[in-house]
Amino acid sequence: MNYSIENIDLSALPLSYPNSLIMLCRDFPEKAVPGEPLPILITLTSPVNTWDFRYDLIAVQPTYNGEPVPFEPVTTPAGIRADTGHGTFEICFEDNLCLRIRSTGGLGVRFFMKFNRFEQFYDRLDGSVEAVFRPMTGEFLFEAVSGRQTYRTEYLPDECRSSDTYVYWEPRDGVAEGYIAHREHNVKRRTLTRTIEQCFKDNKANFEKFYADTYKLPDEKIRGPFEVSVYMIWSHLITDYGAIKGAAVYMGKSGVMRYAKGWHQAMQGAAAWRNLELALELIYQIPATADEYGMASGGISNIGAHYRNPMAPIHGWALAYVVKRHGGWDCLSEEWARKLYDILVFNTQWWREFSDVDGNGIIGYTHSDSSGWNDATMFLAGVPATTPDISAWLVVQTEVCGHLARRLGKNAEADYWFEFSDRMLKDMIDYLWDGEKFVVKHDITGEIPPSHSIGLFQVVMLGKRLPQHITDKLVAALADKSRFNAPQGFTLEAMDSPYYDVRGKAMCLGRIFGMANFYAIYGLYQSGEIDFALERARNWAEEAVEYGPQTIMPSPPQTWEPMKIEGKVFDCLPTVYPPAGLSSWGCGTYLNIANMLDDDFCA
Amino acid sequence: MFGTNEKFRLDRVPFSTRGSYVCIIENGPDHGLLLTSSHSQFIGDGIPRGLTLTFTDGENELPFTYFCEPAKLTVTTEKGTAEFVFQSGGILRVRVTGISVRFNYETAAFEGACYVDDDVFQMAGSFGKFDFVPIVPGCMEENSKWNFRNAASDDFHLSVNPVSECGTGEIALYHFDSNNRPAEKYIRFDLAYENTKEAFRLFCTDLPDPAGEYAEMAEAAKYLLWISEIGPDRALKNNVFYATKLHLIRAYMWHQPIAAMAFVKNAKAAWRYIKNVFAYQAEDGDIPDSINEENQFEWVSSRMPIYGWAVCWILDNLDTARLRYMDYDDMYHCLTRYANWWMDSRDPGGKGAPCYVTGRDCGYYDSSLFDHGLPARTPDLLAYTALLFEACSRLAALTRRNEKAASWAAKSQSMIDYLVKNLWNGEVFLVENAVTGEKFSSNSALALTPVILGKRLPADVLSALTSGILNAGTFKTSGGFGSESLRSPRYDLGATARGRIAAPMQLTLIQGLKASGLEDAARAAAADYLAAVAKEGFAFAIDPTGTAERDFTPFSPDWPFCCVTAAVFLNTANDFS
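Read top to bottom, the protein sequences are chains U and X.
The first sequence begins at 1 in the working numbering and counts up by one.
The second sequence begins at 604 in the working numbering and counts up by one.
Keep in mind the hints are simulated off the structure, nothing from the lab.
These figures come from a predicted structure and were not determined experimentally.
Careful, some of the hints might be misleading.
For lysine-lysine, the following PhoX-like pairs were computed, each having C-alpha atoms within a straight-line distance of at most 20 Å [what the hints assert, rightly or not]:
hint, chain 1, residue 1, chain 2, residue 2
1, U, 437, U, 505
2, U, 31, U, 114
3, X, 1024, X, 954
4, U, 324, U, 216
5, X, 868, X, 840
6, U, 188, X, 954
7, U, 437, U, 426
8, U, 245, X, 871
9, X, 1079, X, 1007
10, U, 564, X, 748
11, U, 188, U, 204
12, U, 568, X, 748
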């Protein structure tokens, strides 16, 4: 697989554009109809109907004398170009709501659409035609500005939809050119003022500016996956769109998670630390969705936020990480410091009031998904459960509240939060450290499950805040090649755990997960294990040259039969992957790990 | 009012309350009770899952009967009772005497349940959250167990048991989206009941009180409207009527003016329900097809511009003494923007008359009106548009905009002229394909809709049109007007609008006959329809033969909980019973 922005593989990742819900991809080669070239597929990322995503609303391809011709697209962040032997075929974004398409050398363009019930194609009788898709997808307007636009369609009254529909752009003077404009409703015709060449140039410049402002390639060897990660984040960035106020990075524009998930945003903020304003916007996004009680949402899309459970409070950690790289808390404007302080305090108060079920002052989880590790053995004894990771995140978050209060001149409040953080750390150690390892305790029964989850070792993120004897044991476990330290990365469940299973569809029973690897690598670095941490970071970064900046890297083969688990089982990992399914989740993690390889990285 | 073995059961009308997402229905072949949450998850979902309710003596499940009144559901067994009362939209009070009620839930992935506080058992489902909080200490027990591989609890049950000292048990069941802080004190169960009863009584004061044979059904209709009213909440900026509470869990905008027309005793209330729609009006002047509390607004079909007709109907039929200048002025701005949108965006080819561009635009997606393609200029659309322009004119006059009033009146007349000159063939109204310009006759009853224009139509046209409506063997059935001519080759009772008796269509045709001076014919048609509803429930579209087995699956036109049908029933019963 080619992971490079010089030639993006459209079956692995989409062509998209900042603040756009439009995405383009190409199906897997095996899906090709024999004798037919694979078209480019255009669709709209929609957070609704999560498990039934249509990535192929509009198929487009070049034609010659009315027949599709083979083409090999070369896709860059600027757009798609393909030579066909007859002429070139090009697609690029005009802006976030409009695509430009052109074919030259006598090539035409053919669009194909299949409609579901209540979807419709119609002639607007003004030179444009419109395709209407639902649910909540909207209108695509087609207009040829050079060449002749024709179509073939029929209304099927019994099925309440249009038939399979073709739109053709026939060339005039060798050129067929036009645009597809989208709006959810009331799409309007466009007056185009730039040439398509200028659009390509502007898109390239836009991407390059974002790249230069936000990231720095640490090593030429990893240029491919690094730049793919940058591109994925640039093209998945949604700003002030619908319910999203400020900035958020969608997890994916294809696949099942077509929204911005909670903790993911903090990770993206940390990765984008060089671009302070963007980093702060990303970190602030999810805490700012707090409900009236202070609970941050589990994620947000342009439609709205969802509140089944919040994700782990890693936003304080991310803020501390960014601020450190800008020389300390004075890098924050007073306005940012106030906004962040208010919201982090509000979020923290929610955890204290609503997630400390046994009232012992040590906060737990009432839903496993809040930890991010939804099917981890940390939750073998059930919920509510007090786990070490939630305390670790809150130790940092309350410490950050202290720093922010100090920045704002609220010294009494700062002292309160620093003391709170210290006490929470001490209480957590007293309650959950058994002398050898951290454990999980059920809040009501006190049961300690036999967990071998890496979540118990995530506390290593606290680095020097922990007593050395604890750090030593955490580091030893992570370094143990029979436990978490696989050649490909750290496993989510220890390899010697009876629950270890990378054959099935579980997520947290041993898969090698980007986010957990960053936590472990960064924690090792913080704990003084710099060489080990950097070796693991480099290993991860270079693995991605072959596999791409994946959320989950391949596991070592499991030669033994996993334990059979009775009862209902949720397959976290999908059976069928749609094209262009690369997630920006893995990309943000990748950039964080890769950033550690930079010469100016500091603990 | 309802009750087991009586005419109206919980398989027809859920037990719920205004502003609540919580419902109890009778469900499935075993007629068990199901407590559901009617949140809109994603467009197209079926009946929400829920907690089944069983009643036990502590060991054995007991057979039961129930009796439902607007403010209370009482379940009776031979060993005791269980009572359910809404204290508010978000709090259901449950009291047991002598027996236990068991809430049973089959979980899906990520649906967890556990104690989140000493006395608070919380269930986080895919449809929001429930907190179970005991009011009588020690009356609650549950058996939930987390299943880590499903990231969810295993199937569980929670029981509310009578406590030996008092022989009763009582809980508060909270429903919410994100978080809840349970009350420290509770009003008495019986006071909660009285409060809710009074809230319903007050709601009903704006609705008609038909006497005689339909009085009982009217109570059910009022109740259905009451429980269908949701908001303001999250994306809902105000209160709107959801189509049903068990599927199509959203507010269809074109249903709102029809619901408003049921509030015959309070023009101000009716006006407000219409006005509420325009809180969602877009910059360009259009309004969404449908909305819900989850901000899942659907825009792609415009639906018919029914608002002008509804406004004119209120001005002509209700006591408008309480309407003020501001009411007229607000509505004027909304309707003129909306009217302009139709002409700016839905008149392909610029002929001076708008088109439907999708089959759903007319409200009856499977009507034969579109057999000859889209976009189409149809008689119903042009009639509604003429009345929309007339409403703009009348509102302009009421707000002393005399020139505008004249201009809108002229537009209205032009629309009627277009309708008559271009679509009337001397016998019937035709449908014009906007692309080809060809015109076709249609067997859909939608082609009869211009009867709402009444005497605005030329007398010969009106006479021929009303004859067509009332002719035996075409649209008239024993249960009202069918949506497709009985002689049509496209007649199909499997469709919603190709023969079935669709509720909103009855309102337009019956009111149209009345506006045309055919009071007796209107009264006769109304009587037929009211009797059909009394027999079949508040289905959106009734099978006129009454012979087929009813289909209660989601999206079936037989589904008997439709709020809009209840409104049509009330309006019709008020005018004609």
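Each hint tested on the structure:
| no. | hint | result |
| --- | --- | --- |
| 1 | 437/U - 505/U | violated (28 Å) |
| 2 | 31/U - 114/U | holds (17 Å) |
| 3 | 1024/X - 954/X | holds (13 Å) |
| 4 | 324/U - 216/U | holds (17 Å) |
| 5 | 868/X - 840/X | violated (25 Å) |
| 6 | 188/U - 954/X | holds (19 Å) |
| 7 | 437/U - 426/U | holds (15 Å) |
| 8 | 245/U - 871/X | violated (37 Å) |
| 9 | 1079/X - 1007/X | violated (40 Å) |
| 10 | 564/U - 748/X | holds (19 Å) |
| 11 | 188/U - 204/U | violated (26 Å) |
| 12 | 568/U - 748/X | holds (12 Å) |
Violation of the numbered hints given earlier is confined to hints 1, 5, 8, 9, 11; the remaining hints are satisfied by the structure.
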